[in-house]
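S.K.: Residue numbers (this note's numbering), protein chains in the order written: chain B, 1 to 237; chain U, 1 to 237.
If you are wondering where the hints come from, they were derived from the structure by calculation, not from laboratory data.
It is possible that part of the hints are untrue.
Each pair may be met inside one copy or between any two copies, as identical chains are not told apart.
Stated by the list, open to error - Simulated crosslink set (SDA-like; lysine to any residue; CA at most 25 Å straight-line):
(1) LYS231 - LEU106
(2) LYS118 - ILE108
(3) LYS118 - PRO9
(4) LYS231 - THR61
(5) LYS111 - GLN29
(6) LYS111 - ALA14
(7) LYS198 - ASP63
(8) LYS111 - GLN23
(9) LYS107 - ASP2
Protein chains: 2
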Amino acid sequence: MDMSPFQIPPFQNASDVFFKALQEHAHSQKYKKGKILFVHEDRANFFYVIQTGWVKLFRETIDGTQSIVDILPAGHLFGETALFTQNLSPYSAEVIEPGIIISIPLKILKKEVESNNKLALDMLASMTRYRHQQDREIEHRTIQNAPQRIGCFLLRLTDQNKSGPAIIHLPYDKTLVAARLGMQPETFSRALAKLKEKTGIRIKGATVELNNLDQLSQYSCAACSSEFPCKDLQAAK
Amino acid sequence: MDMSPFQIPPFQNASDVFFKALQEHAHSQKYKKGKILFVHEDRANFFYVIQTGWVKLFRETIDGTQSIVDILPAGHLFGETALFTQNLSPYSAEVIEPGIIISIPLKILKKEVESNNKLALDMLASMTRYRHQQDREIEHRTIQNAPQRIGCFLLRLTDQNKSGPAIIHLPYDKTLVAARLGMQPETFSRALAKLKEKTGIRIKGATVELNNLDQLSQYSCAACSSEFPCKDLQAAK
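Please build the complete structure, drawing on both the sequences and the hints.
M.R.: Here's what the structure looks like:
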């Protein structure tokens, strides 16, 4: 197996032994849209790396109401935290854009993280970044209104070091964007209309056109505790 | 210095060398209500352990709108994630109930976590628990209504293995409970009135009386992806 899909955080400092074990035990498979990879609170034996496609992590109530934990593109891993929670899946995972997903036995990661302190530190750094992302998410649900939250979502998809006009491509369809932001479809539609009115953005299918990036950032970032450009995006570069 | 305040997660497996370093470098101080310990994005040189009292972690926008990250009682540590983010404080911290707070240089924790893999693993386990707590928080803000969220907050303060009548003591005043739940005071008041109507709870100052725990759990947990009793609280016992 090609090793390039594993050259991602937090595996920068993993050992040759670990990469060899990956080569031996990783299983790469093509999945169609809609495939459920595992279910919340099921026993977890694997963690996953997305080589191509998109994966939705979610949880749902008995009556089927869904809450999205995250939507991940290629180059991300998921399911690894089950190592630290009695091997129970902390969410369900569904393929939402067809692609290749690699599954790796958790016990291989367990062995490496227990013997390689550098990997443990890199995982701590990754977890901290994720924790701050969640802090920001909770903050925005408290102090941003719905149009500002859509604006923030768009701003995080664009090159924030530029100013003036910009074109932003939505990574997945609007129904999913609404769900990712925790909004009902009607709330999302109303909020999007309001955002257009306030900032002059234009939406054509999956493309959003802006006359002026500053106008959007002034509108959304007024209700955010962090500075614009977003520091975490700058640091990730 | 007495070592007992440090006998808390994630320090169960820390080394004697670390505890000796704590003894030498930890600084214990009594603080009044309202004391700001550090400010969001300031340079961080210390992490903290709460020996007595309560601490509010928060962030705020330029115009002063606050978002609460967490409210912590005695036996918790905070500020430690700055180790993994270029030593920048990820939030501000304020003493909200007077008490004794211990500050410890981050470099002592850095040294220990870099040389003691067991501590790194325990920190990963702590971070994972916190991450799931945040996942739940985001989920509840998506699918629970405001009265259900107050109900959930109350349920997590009580002994969930009992059924029938229960008395719950609010850990801090109602204004803070509202802010912790990300609600405006008016929203909180309306939601509390609705919760009383739906579940028959009675509120006397800082005490909440229930005729029937099951009635409250049926109402709130209908909009939650986890089972009642809450698994994370059972696991923490």
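S.K.: Taking 25 Å as the upper bound on the Cα-Cα distance, should LYS107 and ASP2 be classified as within, between, both, or neither?
M.R.: For LYS107 and ASP2, the Cα distance is within 25 Å only inside one copy (21 Å; across copies 39 Å).
S.K.: With identical chains, the pair LYS111 and GLN29 could be close in the same copy or across copies; at 25 Å between alpha carbons, which is it: within, between, both, or neither?
M.R.: within (24 Å within a copy, 41 Å between copies)
S.K.: When no copy is specified for LYS111 and ALA14, does a C-alpha distance of 25 Å or less occur within a copy, between copies, both, or neither?
M.R.: both (11 Å within a copy, 20 Å between copies)
S.K.: Using 25 Å as the alpha carbon limit, work out where LYS231 and THR61 are close: within a copy, between copies, both or neither.
M.R.: between (35 Å within a copy, 15 Å between copies)
S.K.: Under a CA distance limit of 25 Å, which applies to LYS118 and ILE108: within one copy, between copies, both, or neither?
M.R.: Result: close both inside a copy and across copies, 16 Å intra and 17 Å inter.
S.K.: Is it within, between, both, or neither for LYS118 and PRO9, if the alpha carbons may be no more than 25 Å apart?
M.R.: Close inside one copy (12 Å) and across copies (21 Å); limit 25 Å.
S.K.: Please work out whether the CA atoms of LYS111 and GLN23 approach to 25 Å or closer within one copy, between two copies, in both situations, or in neither?
M.R.: within (15 Å within a copy, 33 Å between copies)
S.K.: Could you place LYS231 and LEU106 in one of the four classes (within, between, both, neither) given a Cα distance threshold of 25 Å?
M.R.: For LYS231 and LEU106, the Cα distance is within 25 Å only across copies (22 Å; inside one copy 32 Å).
S.K.: At most 25 Å between CA atoms: does that hold for LYS198 and ASP63 within a copy, between copies, both, or neither?
M.R.: Close across copies (20 Å), not inside one copy (37 Å); limit 25 Å.
Checked against the numbered hints given earlier, this structure breaks none of them.
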